[in-house]
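Peer 1: I would like the entire structure built from these sequences, with the hints used as guidance.
Going line by line, the protein sequences match chains G and D. The first sequence begins at 1 in my numbering and counts up by one. The second sequence begins at 1 in my numbering and counts up by one.
For the record, the hints were derived by calculation from the structure and aren't laboratory data. A hint or two may mislead.
[Claimed, not checked] Output of the computed footprint for chain G on chain D, the stretches with three or more beta carbons under 8 Å from beta carbons of chain G:
hint: 1; region: 87-101
hint: 2; region: 163-170
hint: 3; region: 248-260
[To be verified] Below, simulated DSS-like cross-link-like pairs (lysine-lysine); rule was C-alpha separation at most 27 Å, straight line:
hint: 4; chain 1: G; residue 1: Lys-331; chain 2: G; residue 2: Lys-83
hint: 5; chain 1: G; residue 1: Lys-22; chain 2: D; residue 2: Lys-133
hint: 6; chain 1: G; residue 1: Lys-424; chain 2: G; residue 2: Lys-331
hint: 7; chain 1: G; residue 1: Lys-83; chain 2: G; residue 2: Lys-40
hint: 8; chain 1: G; residue 1: Lys-421; chain 2: D; residue 2: Lys-135
hint: 9; chain 1: G; residue 1: Lys-331; chain 2: D; residue 2: Lys-33
hint: 10; chain 1: G; residue 1: Lys-22; chain 2: D; residue 2: Lys-135
Even for Gly, the Cβ is constructed at its ideal location relative to N, Cα and C.
Chain by chain, the residues:
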Amino acid sequence: MNKILFERGSVNHIRIHVMPTKRFKTFAISVYAGIPLEEKTVATTGLIPFVLRRGTVSYPETTQFRERLENLYGAGFGFDIYKRGDHQIVQLRMDTINDSFVQSNESLLEQSFSFLGEVLTEPVTENGSFRASYVAAEKETVRKKLESIINDKIRYAAERCLEEMFRNDPYRLHPLGSREELAAITPESLYSAFGSWVENANLDLYVVGDTTLEEVTRLVEKSFKIKRTEARQYTPTNVSFETGDVHTVEERLNVNQGKLNLGLRTPITYGDDKYATALLYNGVLGSYPHSKLFINVREKESLAYYASSRYDGHKGMATIQSGIEIANYEKALEIIKNQLEAMRQGEISDLELNQTKAMIRNHIVEMQDSAFEMIAYDFNRVISGKERSPEELLAQMEQVTASDVKEAAQTFHLNTVYFLKGEKEE
Amino acid sequence: MDKIHYEQLQETLYHEVMDNGLQVYVLPKPGFKKTYATFTTKYGSIDNHFRVEGQEEISVPDGIAHFLEHKMFEEPEGDIFATFASQGASANAFTSFDQTSYLFSATENIPANLETLINFVQNPYFTDQNVEKEKGIIGQEIGMYADNPDWRVYFGLIEAMYKTHPVHIDIAGTVESIGTITKETLYTCYNAFYHPSNMLLFIVGGVEPEEVFELVRTNQAKKNYQPQGDIDRLFEDEPAGVNERRRVTRLPVSLPKCLFGFKETRLGITGEERVKLDLTTKLVLDLLFGSSTELYQKLYDMDLISDSFGHEYNSDPNYAFSAIGGDTRDPDELLRVVTEEINTLMEAGFKAENFERARKKKIGGYLRMMNSPENIAHEFTRYRLRGGDFFNVLPLYESITLEDVNQRLRDHINWDQLAVSLVVSPE
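Peer 2: This is the structure we're talking about:
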């Protein structure tokens, strides 16, 4: 396979990563701003991008801001706020058409950088602070977002399971914080938090497209009007945990279908040499339609439409999720626990192992067809401090044996069982 | 093998019709690692009443197209997912109102995976036992959607608009309707709609077109398909007006969900004309409700909408409708302001400047979509089955005029055709 090659540079302690390629019809741009996930800053940091997307010095009104994006041939602009290990990440994205497909007088890449640079470093202000009406409206938007989590029961159950699992760890926090902390934010407090965020956060800027490191460096120098005095590095995530009793939580809501979520902890993380083994553990257990959970919960017993597992190497954890008939709780839980036990006993056939390897291989290779996925993979390197190219990961994965997976299975400890059920007694 | 080059897009499409009528399209993407293939039948949830030429007319249970999709994955030797997994392919399928697609995505063993895809879809294996087993699984799928307020508000809108057309029936059916499905009814539907002449195979990725065509030719030649007559899809007359003005669904939600839309009156249009009408309608909706419009900003400032506010236009020769909305604290106030503002706009028409900008945005969005093999395969197939050409969208966008858009505005936004769907918390 071709190597994923990013060229690296730095401007103003913003790390720059550029992959020159003509394969795509667009320029994909991502900025990652990361700070430690902490109760006192999580809500404020989460609100910042919402206010930044309302207006800049050149485009102070939101309609102007959005018209500007449309004039850049509907450049995709968006942001996400999420947790990666013990860090709160704000990701800003742009996806702009390569000029060769449209008639444009100025370079769309250059214009996109002017825009993005302004969004991040020159928001519209009044009286030395954020515009108050924008802050008020966006607080309301975020409040509604937090309240709406309950509308989607799959997501709600997943969030609740995490909260219970990490009840003594900042990882319990929602990436947008809590409604109480949000309510206390003022335009002034937010603007001051913004100043220190942009000064102190880890900043990584990625571009994939038909450009060069030199060009991007010049564009960042020109468009990102900040002076950062210090280089920042991500600190390692705390993955220690206690292996005590399983914490069981049942909750009632007005639902037709019950949601069963399990949380497991493991000391194996992205930076660990056993990372590839953990990927295989998760794959054999529940990531695919050939996995134990799908076969046993869905295909053999018809208990569920979905039954799957997910592994998060940044926090050292795995989750299992399934939607079931409420009355089938005990039966489904038992079957799921049996699969965990089968993994610990090393009941892993060559077929299961090889199918899982083929699926993971497919995933790693096809990542190269997506600019944003290549960026996301490379960012794992930045945040974990572990250099592991996709080729190395593939090679490591091929070496894993069933007994390695069995060994890894001993490190996955069931921590929490969360069940969301109906209001009526069954 | 035909070759069509699209200069503006820098794409070349290859096409061939097999002897049995199967349409095959290949879009090579040099440099791409992945191959993505979809195998689609023009058969969806709305096709519940039909007659194959020379056979009897038949009505089948609601949700059967989707049920059939689930059951196709089972073969005498076991679950086909396992075969795909052994070959490193990620497989899936989905059923919509008017089509069912089977697909895989893989970076290795492409010929083997392609054969697997074609063979499993062309080899139905239904038993009493495996049909019964599936009822529990799909029952949980139905239960999952029943708890999903976004799905409920969307279907509520279609139910409010349509009285007889089966588009208003949930794609998965109900627990009761799927309870009546047997292996015999599945075979009846399979034999009617899975004939190669009713199907389309699309392959995109790092492939060599002639190799793909040769594989498909050889594969199809081995299967003894006899010509099949036309399929008559039977629909009762649907009234032009809406079924109900307003439909309310009770489900716990943090804020009411409000979706409104207009039931289309210009029907029976196919091919390029239909595509142009769709694109024009989508431009109208974007000019009215897009996030850069004055109306959007006004509604946002009044705290009547949130980021969830959006719009779409869904069309077919026999039904079409717009759907606009999202979460709101006050559905009535939202509708009042929208009505007032749109009436003002309809008198004046759109500004040329706004129209040009909206079109630019649409063109950019279209080009960005071209980065994704999945989107290309899905969109191309959807357009093709309706007689359009997805790769010909740029010239169509360029041909749309301000007059077209203003005409379409006055045409589609017809208050007599308005229906509203709400999801609100139980009292």
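Peer 1: If a hint holds in the structure, say so; if it doesn't, say that too.
Peer 2: Hint check results:
no. : hint                  : result
1   : 87-101                : holds (count 5)
2   : 163-170               : violated (count 0)
3   : 248-260               : holds (count 5)
4   : Lys-331/G / Lys-83/G  : violated, 33 Å
5   : Lys-22/G / Lys-133/D  : violated, 49 Å
6   : Lys-424/G / Lys-331/G : holds, 19 Å
7   : Lys-83/G / Lys-40/G   : holds, 15 Å
8   : Lys-421/G / Lys-135/D : holds, 22 Å
9   : Lys-331/G / Lys-33/D  : violated, 42 Å
10  : Lys-22/G / Lys-135/D  : violated, 49 Å
Violated hints, listed in ascending order, are 2, 4, 5, 9 and 10; each of the other numbered hints is respected by the structure.
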